[in-house]
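Asker: Taken in order, these protein sequences are the chains called A and B.
Last residue of the first sequence? That's 457 in the working numbering, and every number before it is there in order.
Last residue of the second sequence? That's 457 in the working numbering, and every number before it is there in order.
Calculated directly from the structure, the hints in this document are not laboratory data.
Any given hint might turn out to be false.
Since the list can't tell identical chains apart, any single copy or any two copies may satisfy a pair.
Using 30 Å as the maximum straight-line C-alpha spacing, the simulated DSBU-like pairs for lysine-lysine come out as follows [unchecked claim]:
1) K209 with K270
2) K209 with K271
3) K243 with K280
4) K20 with K209
5) K271 with K347
6) K357 with K236
7) K348 with K35
8) K236 with K347
9) K273 with K209
10) K263 with K274
11) K357 with K340
12) K236 with K280
13) K348 with K274
14) K263 with K457
15) K270 with K236
16) K280 with K209
17) K274 with K209
18) K274 with K236
19) K348 with K271
20) K348 with K243
21) K273 with K263
There are 2 protein chains.
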Amino acid sequence: MNNVIDFINTRRDRYLDELKALLAIPSISALPEHKGDVLRCAEWCANEMRRIGLENVRLFETPGHPVVYGDWLGAPGAPTILFYGHYDVQPVDPVDLWESPPFEATVRDGELYARGAADDKGQVFMHFKAIEAHMKQNGRLPVNMKLILEGEEEVGSANLDAFVRDHQSELAADVVVISDTGMFERGVPSITYGLRGLVYAQIDLRGTKSDLHSGSFGGAVANPAYVLAQILTQMKDRGGRIKIPGFYDDVRALREEEREAWKRLPFNEKKYKKDLGAPKLVGETGYSTLERTWARPTFEVNGLLSGFTGEGSKTVIPAVAMAKVSMRLVPDQDPDTIAKLFEEYVKKVAPRSVELKVTRMHGGKPWMTDFDNPYVQAAGRAIRTGFGQEPLFIREGGSIPVVATFQEILGLPSVLFGIGLPDENAHAPNEHLDLSNFYNGVLASAVLYQEIAGVTK
Amino acid sequence: MNNVIDFINTRRDRYLDELKALLAIPSISALPEHKGDVLRCAEWCANEMRRIGLENVRLFETPGHPVVYGDWLGAPGAPTILFYGHYDVQPVDPVDLWESPPFEATVRDGELYARGAADDKGQVFMHFKAIEAHMKQNGRLPVNMKLILEGEEEVGSANLDAFVRDHQSELAADVVVISDTGMFERGVPSITYGLRGLVYAQIDLRGTKSDLHSGSFGGAVANPAYVLAQILTQMKDRGGRIKIPGFYDDVRALREEEREAWKRLPFNEKKYKKDLGAPKLVGETGYSTLERTWARPTFEVNGLLSGFTGEGSKTVIPAVAMAKVSMRLVPDQDPDTIAKLFEEYVKKVAPRSVELKVTRMHGGKPWMTDFDNPYVQAAGRAIRTGFGQEPLFIREGGSIPVVATFQEILGLPSVLFGIGLPDENAHAPNEHLDLSNFYNGVLASAVLYQEIAGVTK
Chain A
1 MNNVIDFINT RRDRYLDELK ALLAIPSISA LPEHKGDVLR CAEWCANEMR
51 RIGLENVRLF ETPGHPVVYG DWLGAPGAPT ILFYGHYDVQ PVDPVDLWES
101 PPFEATVRDG ELYARGAADD KGQVFMHFKA IEAHMKQNGR LPVNMKLILE
151 GEEEVGSANL DAFVRDHQSE LAADVVVISD TGMFERGVPS ITYGLRGLVY
201 AQIDLRGTKS DLHSGSFGGA VANPAYVLAQ ILTQMKDRGG RIKIPGFYDD
251 VRALREEERE AWKRLPFNEK KYKKDLGAPK LVGETGYSTL ERTWARPTFE
301 VNGLLSGFTG EGSKTVIPAV AMAKVSMRLV PDQDPDTIAK LFEEYVKKVA
351 PRSVELKVTR MHGGKPWMTD FDNPYVQAAG RAIRTGFGQE PLFIREGGSI
401 PVVATFQEIL GLPSVLFGIG LPDENAHAPN EHLDLSNFYN GVLASAVLYQ
451 EIAGVTK
Chain B
1 MNNVIDFINT RRDRYLDELK ALLAIPSISA LPEHKGDVLR CAEWCANEMR
51 RIGLENVRLF ETPGHPVVYG DWLGAPGAPT ILFYGHYDVQ PVDPVDLWES
101 PPFEATVRDG ELYARGAADD KGQVFMHFKA IEAHMKQNGR LPVNMKLILE
151 GEEEVGSANL DAFVRDHQSE LAADVVVISD TGMFERGVPS ITYGLRGLVY
201 AQIDLRGTKS DLHSGSFGGA VANPAYVLAQ ILTQMKDRGG RIKIPGFYDD
251 VRALREEERE AWKRLPFNEK KYKKDLGAPK LVGETGYSTL ERTWARPTFE
301 VNGLLSGFTG EGSKTVIPAV AMAKVSMRLV PDQDPDTIAK LFEEYVKKVA
351 PRSVELKVTR MHGGKPWMTD FDNPYVQAAG RAIRTGFGQE PLFIREGGSI
401 PVVATFQEIL GLPSVLFGIG LPDENAHAPN EHLDLSNFYN GVLASAVLYQ
451 EIAGVTK
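Produce the entire structure from the sequences given, and follow the hints as far as they go.
Answerer: Here is the structure:
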């Protein structure tokens, strides 16, 4: 392994330049006008995968954006890793809040600022470099490797389940490796053993056929913006508990040992609050901040739009009002069940004075694994070598629905081995990646393949 | 008068062409990028006023948009009319809902479609044509006339009070005439004897310093979009009564004779509902639709904006949320008092988990007059001649704050003599004006000056 590690340690500047090129492609999967950029990014990844020595590299068309595939299967008898990552990124608005352009990666104070730096291009690229190092120095990998890169993770992975189902035999492996999660905090590398699921929906209300003068008509008709506020407010009680009937039926309670372990984590609530710039931390009564974000479901409003929102004033009763909302789910909630309960509840609480439309956008299942799984333990050892530190075992509040897919369709465990930091603005302006975590992450990834090679299948 | 009436009746086509030129100027006072257009519109009006024979025509600068002034004072001993109108218009968004471009006036089925057609350019122009007819046929008006046209009515008339105060002697008159109101319905010309006032404000909330990933942070911090919904929902109780303490203290109760008179008005609630496209009419318990819109105060949300509002989904906890809200006031509520009560209440109900900013945008006092005032009676006779019908005496839900200003500063009664129709979309897409009302309105205006000439001062 030493020659691999030396190779990595002498190539840091070159890695940065290459990563900047990948981050320059605005592969925003949510926006139709970026469809060409998403494809360009898929092709960039495919070319890079060929260059570092992967074989059978190709793009699989889907009804949306393509999946990039590549493999190296020259280690018969050794375990096979199925690596999953995504090359699409979140939208960048409000773009005026970015301190440097989102698609011109810029280093400030050891951090690389760009959309996708942490989520997920930087972490995918970390594995490219780990693979490259093995291949260049030894002409081979210690394991068999299959890579798939998705272009629709940020819009709900609508076509990935079908892709995995249609290619079950090609994707056969022993373990899935995903680097799309975070470290507990700076200097504390972590293995994630639980994720939340997601249901995302849009509520549209119509009060009248067009906007009305609020003087002439104010008082006579329902105001859809006001009704929307009323509907949203009925989603949670004063204690922050979600009021949708049946919502908590399948929620797995936190184990007492988990709660105890989390209390011992180096979590500084005061700093957390200050870093976010929040006047106060608030949430469901009876749970700590970590419990609220890792192990309890949520209801959030992601967007609101109605009426006049420009500068100045316009005395209008809006004809329509819209909210984007989402719920994070925890084991063993099912997204389809929750989406149905949500829709029924909204229909029940919405008054008959407005027309209501509920559109389900996307969803994903929550997930949890045992942390005594041998692959998870192998990842722990890789982190110890790459970062020179004991890893923490944590859950994460975010959703990677594909983890549940791999478990269900391919029967594979996943190792969530991520180097993002919680304050790196994954879905916000000024997304960034700590470069020392990136360099350590390349080392740890290279070691991970070696450690997985030693696991008895 | 017959020669004046003949003059008007033979010039309908020419009137339409001239009015189209006025409506082509996008004098949107709310939008800074239209400042030049607002000035151009003021100059267009000044030129037209000179052309029809008014004197001393000029623009008075204000800190905002100019006031256009002109007079004709050649009838010593006769009453003096102070005519007030406005040449600015509302914004046009959402512009894609317009069936023809808002600044290319288009006739369809006897209706003239354009922003400003009814509110208020069409009604100002109606008086231009009535004055022109007297001047061309007789070389004089039967009364003295002072005209002022404001360029900031749609943004709250912030500078008009000061203008009126600074020019008290120049504006001295016997009665104010304003055509910026509506007829009760098609075929029912009306005199308005009451108006609602207004308080308009913006609520801004900040939860965190930037948008957050709703997975990583969902559950731990306040969501400002959700908190905004909670604040708004606390503005009214289930019966539609506003919950701001002290809000109703100065509300003048409806008189029993008024309620009885309104019950006899030709108001078709079913048609009203159908025209608006509202699934249901709803409002304050215990009041009819006319009572709710004419004589009861309201709280409305005029705009909402927060988080991601584009196509698709973005799993973000918004950093900020904004609502534009307004309250219509009735006699004897005072806008300053209500604005203060509102702000105190919002501050009281807003949780400490968000930063709150309340910005007062503009306001105006409610107004009512006696309908046995001799000038109001003169207007009634003018309508009888112009429209061949008895006028109705009604209130209006909208606000014309300047009416209260003229009463307070100049001690003048106002005659509200309007030809708009309730379904003409004054502040919405596809604003339009009924052309037969316009032509009858020119006749009625010409007769109005004659009738006012006969009032004993």
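Asker: A separate judgement is required for each hint: does it hold in the structure or not?
Answerer: A quick look at each hint next to the structure:
1. K209 with K270: between (49 Å within a copy, 15 Å between copies)
2. K209 with K271: between (49 Å within a copy, 14 Å between copies)
3. K243 with K280: both (23 Å within a copy, 27 Å between copies)
4. K20 with K209: Only across copies: K20 and K209 sit 27 Å apart there, 49 Å inside one copy, limit 30 Å.
5. K271 with K347: Answer is between; shortest inter-copy Cα gap is 27 Å, intra-copy 41 Å.
6. K357 with K236: both (20 Å within a copy, 24 Å between copies)
7. K348 with K35: neither (38 Å within a copy, 48 Å between copies)
8. K236 with K347: both (16 Å within a copy, 21 Å between copies)
9. K273 with K209: between (44 Å within a copy, 10 Å between copies)
10. K263 with K274: within (20 Å within a copy, 60 Å between copies)
11. K357 with K340: Cα proximity of K357 and K340: one copy only (14 Å, versus 37 Å across).
12. K236 with K280: both (18 Å within a copy, 27 Å between copies)
13. K348 with K274: Answer is between; shortest inter-copy Cα gap is 24 Å, intra-copy 39 Å.
14. K263 with K457: Answer is neither: 35 Å inside a copy and 86 Å across each miss the 30 Å cutoff.
15. K270 with K236: within (26 Å within a copy, 37 Å between copies)
16. K280 with K209: Between copies only: 12 Å across chains, 41 Å inside a chain, cut-off 30 Å.
17. K274 with K209: between (46 Å within a copy, 10 Å between copies)
18. K274 with K236: Only inside one copy: K274 and K236 sit 26 Å apart there, 35 Å across copies, limit 30 Å.
19. K348 with K271: Classified as between; 28 Å across copies, 41 Å inside a copy.
20. K348 with K243: Answer is both: 12 Å inside a copy and 25 Å across each meet the 30 Å cutoff.
21. K273 with K263: within (17 Å within a copy, 59 Å between copies)
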